[in-house]
Every structure is written in structure tokens, then in C-alpha cells.
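Undergrad: Now for the letters of each chain:
There are 2 protein chains.
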Amino acid sequence: MTSEDAFTVTPWEVKGEVDYDKLIQKFGTSPITDDIVERLKKHVKEIHPFLRRRIFFSHRDMDWILNKYESGEKFFLYTGRGPSGHTHLGHLVPWIFTQYLQKEFDAELYFQMTDDEKFLHNTELTLDQTLAYTYENALDVIACGFDPKKTFIFSDIEYSKTLYKIAVKISKHITFSTAKAVFGFENNTNIGMIFFPSFQAAPCFLPSVLKGTNIPCLIPAAIDQDNYWRGIAREVAPKLGFYKPAQIHSKFIPGLGKGGKMSASEPETAIFTVDTPAVAHKKIMSAFTGGRATVKEQKEQGGTPEICPVYHYYNLLLKTDKEIEEVCSGCKSGSLLCGEDKLRLSEVIGKFLTEHQRKREDAKKIIEKFMLRD
Amino acid sequence: MTSEDAFTVTPWEVKGEVDYDKLIQKFGTSPITDDIVERLKKHVKEIHPFLRRRIFFSHRDMDWILNKYESGEKFFLYTGRGPSGHTHLGHLVPWIFTQYLQKEFDAELYFQMTDDEKFLHNTELTLDQTLAYTYENALDVIACGFDPKKTFIFSDIEYSKTLYKIAVKISKHITFSTAKAVFGFENNTNIGMIFFPSFQAAPCFLPSVLKGTNIPCLIPAAIDQDNYWRGIAREVAPKLGFYKPAQIHSKFIPGLGKGGKMSASEPETAIFTVDTPAVAHKKIMSAFTGGRATVKEQKEQGGTPEICPVYHYYNLLLKTDKEIEEVCSGCKSGSLLCGEDKLRLSEVIGKFLTEHQRKREDAKKIIEKFMLRD
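Chains A and W supply the protein sequences, listed in that same order. Taking my numbering, the leading residue of the first sequence gets 1306, the next gets one more, and so forth. Taking my numbering, the leading residue of the second sequence gets 1306, the next gets one more, and so forth.
Here chain A stands alone, though its shape is the one from the complex (with noise of 0.2 Å):
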């Protein structure tokens, strides 16, 4: 972070208010444009919503997958989780939307726990409490909708005899030099943490490995995991004979707290999909808002949705544009107050929690038919 950015975009953290526009420069990934929804439109059913609303609004070589895809190449999906915790409506926005992908494209998806990485990166969680959470994040992968035939979930230590393989041979090509480069890593920081780049990278190229040929990949993503793939997946694919992994990228949900904070040693400021309709419900009535400071303020001069996390959990749960714009203009115009907002947001996740909850439980009966085990 240096001192003109007022925002902070690592895989460990992210602060401030984001600058999407400005991520987009400095990483030097391109805008999801009108171009490659239009392209995308002729290989899909429909274009989803996190699309249309670029809740996905960044990427890396689009094209060339689509060129690939549309030359009869198919590519695999590749995501991941750090299980550090119980999973929270956020962490859903790219497992959605890669589900969304595996339907339209028939593509096969490599799902990464990294455990290690969790356990490793902090002090207090044991390797057991890492491990504990891969299982417990993946039924929520599940509860997504992913088809068994076509999906492997696999732990970093649970997997290590196959990953392990790969990963010194991506290590043999980073230097500490270059880890430090793209992560900051400092001479306290520990030598599992400075190998883990390798253990993110290599499923890029697993199903290439396991099937003896190069196969494209994509990779839906938050943009705070861009580091991995462009600082080692990218940089390491020719040198090991594999295509570049494409990417796509998604916004951050802001959580419930003042200025769109999510802690996860706040548990009141995210909604967790083990939360009951009825503690969500009360987060939601306890949160920030973009509306004013009092009910004559907000009827005479509107609030403002876009710092809103009711308005943003709104883009993520209501299908249609319609019902987004009806809330926002009531919002804007002070014809919707806050705590009707905030009721009627409490029942459309409500809702989602106990559809999602009924499928996570489901999901305990199949878990063992995703789970890549060496």
C-alpha cells in the first residue's frame, strides 16, 4: 500500500474503499466489457447476473479462452477457498458464478482448500482447525450445485502426494526474490508460507498432469488472488510446457459494518451460511446503511445505495435488474426508508439461508463423491 492508495488489495487483506478502476491499472488486468458479454452470449443460455452487474468486472485473456473454446478446446474451472472459518455470503459470489460456468461450458471443476495456507498464515488456527473448516467450507461448495461427475474438491493436505509433485516443480522457477516481489514476503515471514505460492499455483495445472495434455483453464476469482496466477502461475506455465491460466475476476461484498467492514473477529459484520434466519436477521437490522442520519433527512434527500451493504447483498440474491432498481430508486428518491430496506433484505436472505442450509445438509450424504483424495 503505498501512501497515495487509500485501499489495500492482497490475498490477506483487503482495506479501504477499493478503487475497482484502479485495481484494474495496477494490476494490468482489463475491463469485462460489453464486447465480451455480447461473445459470451453466444455460448450461454443467459448472462448472469454478477456479469451484468459486474460483480465480475475484470480479466485476463477471456478472449483467448473463448478463442479456444469456440476452436473446440475445452477448458477446466479452477477456485479455491482458505478455510479459516465458516464460509460467509461473500465467499459464495465466485463459487456461484463458477457454477454458473460449469453448467454453461460442461466444464470439469478443480476446487482448492488451502489448509496449509490457513494454518500457516495464522498463528492461532491449529492444523486440525484448518482442516476441520476444508470440510465444512465444502459443504457449502456443494450446496452450490456442482455436478459430482464434473467436480474435485481437494485439501492441500489431503491432496499433498499429488500437489507436492507439481508444486517443487513450480518452485524450482520462483525465486525468493520474486516471492517477495509479489507478495511482500519479509525475512520473518515463515519458509511454509514463502513455498505456499507453489501450492496455489499447481492446479492450474492438475488436470493437465492427471490427463498426460495441456487443457485451458480459467479461473474465477476474487481479484485479491490475481497475485497467485500472475506473479507465478503465468510467469511459470511456459517453462513447464502449460498454457497460461485465464481468470476472471470479482468485486468484495462489503460485510455489515461501518464503511462496508467484514472482520472475521466480528462475527456480526458477515452472514455466515451457518447463521440461522433469525441471527442474520439481527445483523441486518444492526447494519450500516447508506441511508441519513434521520427519517426527515433520508425522505427529503434519498440515500446512497452504492455505499450500501443492504443495497449489495440485494445484487447478489434478487434475479431480476427490475427488483434491484425498484429498490434503488426508492432508496435514492427517500420513498424507501432504511428499515423496511433492512426487513425486506432480512427475508430474501432468510430464504437463502434455509434453501442453502437444506442443500448443505444434503451435502453431508455426497461430500465423499467430490473429495480428490490421493
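It should be emphasised that the hints constitute simulated quantities derived from the structure, not laboratory data. Any given hint might turn out to be false.
Pairs involving identical chains hold if they fit within one copy or between any two copies, as the list cannot separate such chains.
Said to hold, decoys possible - When the alpha-carbon atoms are kept at most 30 Å apart in a straight line, the in silico BS3-like pairs for lysine-lysine are as follows: (1) Lys1466 - Lys1485; (2) Lys1674 - Lys1470; (3) Lys1588 - Lys1373; (4) Lys1637 - Lys1601; (5) Lys1466 - Lys1669; (6) Lys1627 - Lys1563; (7) Lys1350 - Lys1379; (8) Lys1549 - Lys1627; (9) Lys1674 - Lys1466; (10) Lys1544 - Lys1485; (11) Lys1347 - Lys1379; (12) Lys1466 - Lys1454.
Mind docking chain W on chain A? Use the hints.
TA: Quick look at chain W alone, frame taken from chain A:
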């Protein structure tokens, strides 16, 4: 290597004429004393020639290991090999001694093949090559006569599921600064090499992890490997709730080149276990010796066995001290000429190789009994 040192000893380089007393001081180990040898006599049928001849010359915590043993806590043995090429006679020194310890103390042996390290360290080597050498070198280990019921040979790559889980726990306690100070890593060192010390330390705790109880560990190894145990395993052990591994260190067997040089890039400077007796004969007859420039000088002034590889190979291969003394005094007095001496060594080595190669061939049939795999 500081400017005043005339030699370097690191896990990847042994250079110059090694002053073993200085090394004990520098590394902070303890010399093998007559007291220790006397104490060992209580437990073994006979003192191994390598101990009598102080080829094993240094240790850490041998007293402690014997205290444990005498109080009824059995220890396990751990040693290993970096499979970057074929085994030469120098490599056999710790293995022969380890086999003796296994037999005398009825101890389990965990034998690590660091095929990952050799791949990561050598630009030229592919992973397939180091894996192939793991197999070749394992045959030599088995030919040393280890008990198949109590010996577990494993490749880092093939046993990485178990090892990685231990290694990440170790690595969490080792900063880059520490690894740099211990191994001299630099900014251009690859991140696989930086992580690797965690893998080499892991077997110190492996049986304790597998059996769920703390078991003392004794490592017989050449002294160049000391860094791993001093700087990593012994530092981390108490943090993970394990005993610090004890060690017993051997000297290096000089090569056949000028000044006792042995170089992987010059195969004529070492005798490999796969060399035919004829090839070994040729190498021995061309070897550098501690003899004088001319027969006349040799007869008048005698030779210098201490700097002579022929003498060191006798130390390794002749069973009785009487035989060694005969050769030694013959050389010093000038009555034994280098030519005869070499012919005799060639005969001894030829017999050794024939016998070893027979056992090595037999090992191919039983290797799977020894291999530990995930």
C-alpha cells in the same frame, strides 16, 4: 567459508582439507571420547571399526540417547541420501554404521531419499531422474543388510502426503532469516529449496507422529548434514512437543583425485557401487596417493598415509586394525610401494563390489518390503 578457513562444509559442498577438530568447535558438537566408547561397550557385542577408527568422530546428545536407552526407552535411527547419482563407497559409510546400530540396538530405521531436494538444487536434474536414483540408491541401502521388518525407506516425493503434514508444522516455526542464517540461502534461491529444510527435519518426528508417542531419535550421518538438525530440527522439536534428535557424525571418505578430491562431474575420482571390479581397478591404479614422487624417495623416506585415499579405503574396508597397521607401517617405512598397495586395495575393493552387487541384485526382489508409501 570465512577468509581464515581453509575448508567449507555445508550440506551442498565440502571443499578444502577438512580440519575435524575445528569443525567440532565451529559446529559446537562433542567429540566421540573413550568414555562414550566404553559406555557403548555395555550394550554392543563389539565396537564397530568405524568407531574405533573415529570415522565416526563427533556427536550431539549420545549420552542422552544412552540414558534413555538404559531407562528402557528405545530409540529409532534416521538417516538418508540425496539421490543425485549412483552410490559411491563414501556414501556407504553412514549406512554400514547405521546397519550395525540397528542390529546392536534392535532399532527401527527411517531412511529418507531427498529426491525433491536434489531436483530443486541441481539445474540439470529432472524429477524423473532423481526418482530413478531413489530406486537405484535404495538397492544399495538394502544391500547393506538392514532388517526388512524394521527398515522404512521413503522418497520425499512418493511419501509427501505424510511428510508434508509434518513439514508445514515445522515450517511455521522457521523464518526466512533463520533458514538464511543456517543454510546461507540468498535472494535468488528458489522457494522450494527454502522450504526443503522442513522436509528434511520431518523424519526426526515421523515415528512419533505415526505411533502417537514421543520416541528418541538418533541420526548417524556425515557431519555436513548437521545444519539441518542443529538449525532446524533441534530448534523446532520442543515447540512441537518432541525430543531433540541426537546425532553421531562421520568424516568424509576422500576421493581418488589429487588432494583426495571426489567430484560427481569426474566419475574417475569415486568408486561407485555399480562399477565393475575392472573399472574400479583402473580407477584405483590411477589414483592420487600419499606416496613419494619416485620409488627411490618412497623407499628412503616412506609415504604419508593420512593424506592417501588408499589408506582411507582400507580404513573403510579392512576388518581388523592389525591389517591397517601393517599397511600403514609398510607405507611409512618405505617398504610398501604405492603400486603394490593399490593392487591390494583393488583386490579388496573388487571382492567388496562383487559381494555388494550380488546383494544389490537380490535387493531388487525385496525392495517393496522396505518402501514406505502413502
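Undergrad: Could you check the structure against the hints above and give me the numbers of any it violates, in ascending order?
TA: Result: hints 3, 8 break, sorted rising.
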